[in-house]
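A.B. asks: Numbering (the numbering used here), first residue to last: 39 to 289.
Everything labelled a hint here was simulated from the structure, so no lab data went into it.
Don't take every hint at face value.
Stated by the list, open to error - DSS-like, lysine-lysine: derived pairs with alpha carbons at most 30 Å apart:
{"hint": "1", "residue 1": "K218", "residue 2": "K123"}
{"hint": "2", "residue 1": "K162", "residue 2": "K218"}
{"hint": "3", "residue 1": "K226", "residue 2": "K162"}
{"hint": "4", "residue 1": "K260", "residue 2": "K226"}
{"hint": "5", "residue 1": "K260", "residue 2": "K123"}
{"hint": "6", "residue 1": "K260", "residue 2": "K218"}
Computed from a predicted structure; not experimentally measured.
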Amino acid sequence: RGGRPFGLKVGGWWGVAVNSPARKGGGKGVGGCGLGRRGMSKKTAVALAIVIGLIAISAPIGISIYWAWRQSVDEQLEQVSSIAKDVVRRNIETQDQILVVFNALEAAHASDPCSDENIRLMGKLDLGSEHVQAIGYIRNNTLLCSSYGRHNTPVGPPAYATTYGTEVRPALEFPVLPGKTFLVVTQKATGYTVAVHPNLPLDVFVGEPDVSLGVFSYSAEKLILGRGVFRPQWIERLGEARSVRFSDRGY
């Protein structure tokens with residue numbers, strides 16, 4: 039936002055002096071009257087000159103500092119926007135690959151989701167997917183089989199369901215991999231399940247601890263994946279827009 043114009047006006051009183059000529063015969067002149075210049079003291083003039091000089095010097099410096107700061111903020115916002123677009127791209131790719139898996143397993147019409155043939159199909163789809171870590175089948179909150187074979191692993195109830203017919207377990211830990219959590223999405227109608235490593239959609243700027251990233255589900259009104267600080271009021275700022283830029287207490 040540009041600086042407001044400002045000015046400095048310095049004025050003085052000016053006048054003229056008129057003297058009538060002396061009369062012949064040596065009479066005194068009528069005299070005269072004068073409006074002399076109302077001057078200012080030397081100290082005042084010096085002080086005023088110093089003030090004007092300081093303004094003349096500091097104003098361009100202040101404007102330069104402001105525009106440098108404005109340019110720095112704009113550059114940071116552009117960088118943040120670029121990161122957000124990359125996260126969105128990765129998230130869309132993950133969703134597309136999950137849909138491919140679900141559609142392929144549905145199209146197979148397997149009478150037994152955990153048959154050898156269907157498990158082989160799960161393994162094939164798993165290998166062909168960049169973001170999917172494992173594919174399986176869940177029934178009654180139990181993982182019965184996956185692209186790694188047959189199981190009988192309780193996974194607990196989903197954290198929430200979406201309007202797209204899926205159930206989500208955002209941080210599921212499998213007994214065979216203690217300490218590792220996965221984003222697990224189950225197609226409610228079929229039980230087919232996909233496990234995604236939570237870091238993959240957010241695998242950008244991993245060397246910057248001050249960068250916060252996240253994936254928020256509007257249908258479930260929940261944060262699905264996140265890294266760093268997340269403030270729910272940030273979502274409110276978006277409103278009906280597709281994107282928004284703002285600064286909020288250091289972020």
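A.B. asks: Each hint should be assessed against the structure and marked as holding or not.
C.D. replies: To see whether the hints hold, each was checked on the structure:
1. K218 <-> K123: 27 Å, holds
2. K162 <-> K218: Satisfied, since the Cα-Cα distance of roughly 23 Å is no more than 30 Å.
3. K226 <-> K162: 22 Å, holds
4. K260 <-> K226: 19 Å, holds
5. K260 <-> K123: Distance of about 20 Å is within 30 Å: holds.
6. K260 <-> K218: Holds, at roughly 21 Å.
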